[in-house]
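With chain Y held as given, fit chain Z onto it using these hints.
For the protein sequence lines, the chains are Y and Z, in the order given. Position 63 of the first sequence, counted from 1, bears residue number 63 in the numbering used here, the numbering being contiguous throughout. Numbers in the numbering used here are just positions in the second sequence, counted from 1, shifted up by 1000.
Source of the hints: derived by calculation from the structure; they are not laboratory data. A hint or two may mislead.
Counterexamples of contact, computed for chain Y against chain Z with all Cβ distances above 12 Å [unchecked claim]: (1) T3; (2) R30; (3) L59.
Partial list, computed: chain Y residues near chain Z (C-beta under 8 Å) [stated by the list, open to error]: (4) Y10; (5) I54; (6) G58; (7) L68; (8) V70.
From a predicted model like this one, the values you see are computed outputs, not experimental measurements. Note that beta-carbon positions come from the ideal geometry of N, C-alpha and C, so glycine has one too.
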Amino acid sequence: MPTDPKALAYFAAGIGAGLTIMGGAAGIGRLAASAMEGIARQPNAAGDIRGAMIVAAGLIEGVTFFSLIVTILLAIK
Amino acid sequence: MSAGLALLIAAQEGVHDPGGTPAEGVAAAHGEVQGPAEVLMHHVLDQPFFGLPSKHLAFFVIAGLVVILLARLALRSYDARRRPKGLGSVVEVFVVFVRDEIALANIGHDGRKFVPLLCSFFFFILAAALLGLLPFSATSTGNIAVTLGLASVSFLAQQYAGISKYGAFGHLHNLVPPGLPAWLLPIMIPVEILSMFTKPFALMVRLFANMLAGHMVITALLLLIPLMATINTAFGILIAPVSIGLALFIMLLELLVALIQAYIFTLLTAIFIGMYAHPAH
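Same shape as in the complex, but just chain Y:
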């Protein structure tokens, strides 16, 4: 079967974007769930927990964006 390398690149970009979002969503979802639990147990510490949560979410998001940029490069090359 003759395959166009460009088609394969689009294919890879689509699958990669999906996998990236699955990973990022799992990470941030777990983080938010734990933070909610923490705030429910200790409402006094809500401010601290929220700050730490935003930092951790930013770090997870940063890694996610690395991978998304790779998929974008696959698609537009």
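Chain Z only, in chain Y's frame:
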């Protein structure tokens, strides 16, 4: 907006001239979509601007001027008894937030000397992102060269924090945690030197990708209109309110992202400065 609209309509008329079967129309359309696509791509790509080679550069300078003007006007609104009013009291809220919640909380007692730098980061990133939401504008932080510059300044500040406190040799010595077994040193030293550079690199990519992503989604949503219109003009008209509504929603989300990214960049810079200024913990 009207110029973009005119180009869009012109491109659509060009598409509809050939006619033919729907399948042929779509196939021909893919070549012609270049017109509106190029117009809408101003959300994402850099382009010439009023004779200047780069629109991002122009809006980079404008964002800087906006920040300087904001600071000057805020300073002027303080009365004789050092009470702010109007604009000054709004800016003061953010400055106090950056000082107390970001600088002092993460760098510690010697964090005060980094407050001007952190405030500059915060207000510049916020101004650049918010300027990018105005019509006919561009987000200068959506260009990786701009975020590279910001991250370089952040990198220099981190190294300055360590070197000014412990000297160049002491700073490098502090990179390795105390009490480490000697056989781990060949692994730890390269890893620590690498992490010195990956921290600002991550700052660079995070800000760039965040600013680009929102505008990319807006572009994709708006591109649906010409794409549907190449199949049938009625489809284009029907999809237009949906696309514009969703794009508007993403733009509202961008307001939130602008604030969060300004906060995260400033906060992470402060945390990294704190790591080099107080290496023991």
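Results of checking the hints against the structure:
1. T3: Holds, because the least Cβ-Cβ distance between T3 of chain Y and chain Z comes to about 20 Å, which exceeds 12 Å.
2. R30: 19 Å, holds
3. L59: The assertion about L59 of chain Y is violated, with a minimum of 8 Å to chain Z.
4. Y10: Violated: closest Cβ of chain Z sits about 14 Å from Y10 of chain Y, beyond 8 Å.
5. I54: 7 Å, holds
6. G58: 4 Å, holds
7. L68: 7 Å, holds
8. V70: 11 Å, violated
Consistency note: the structure conflicts with the earlier hints numbered 3, 4 and 8.
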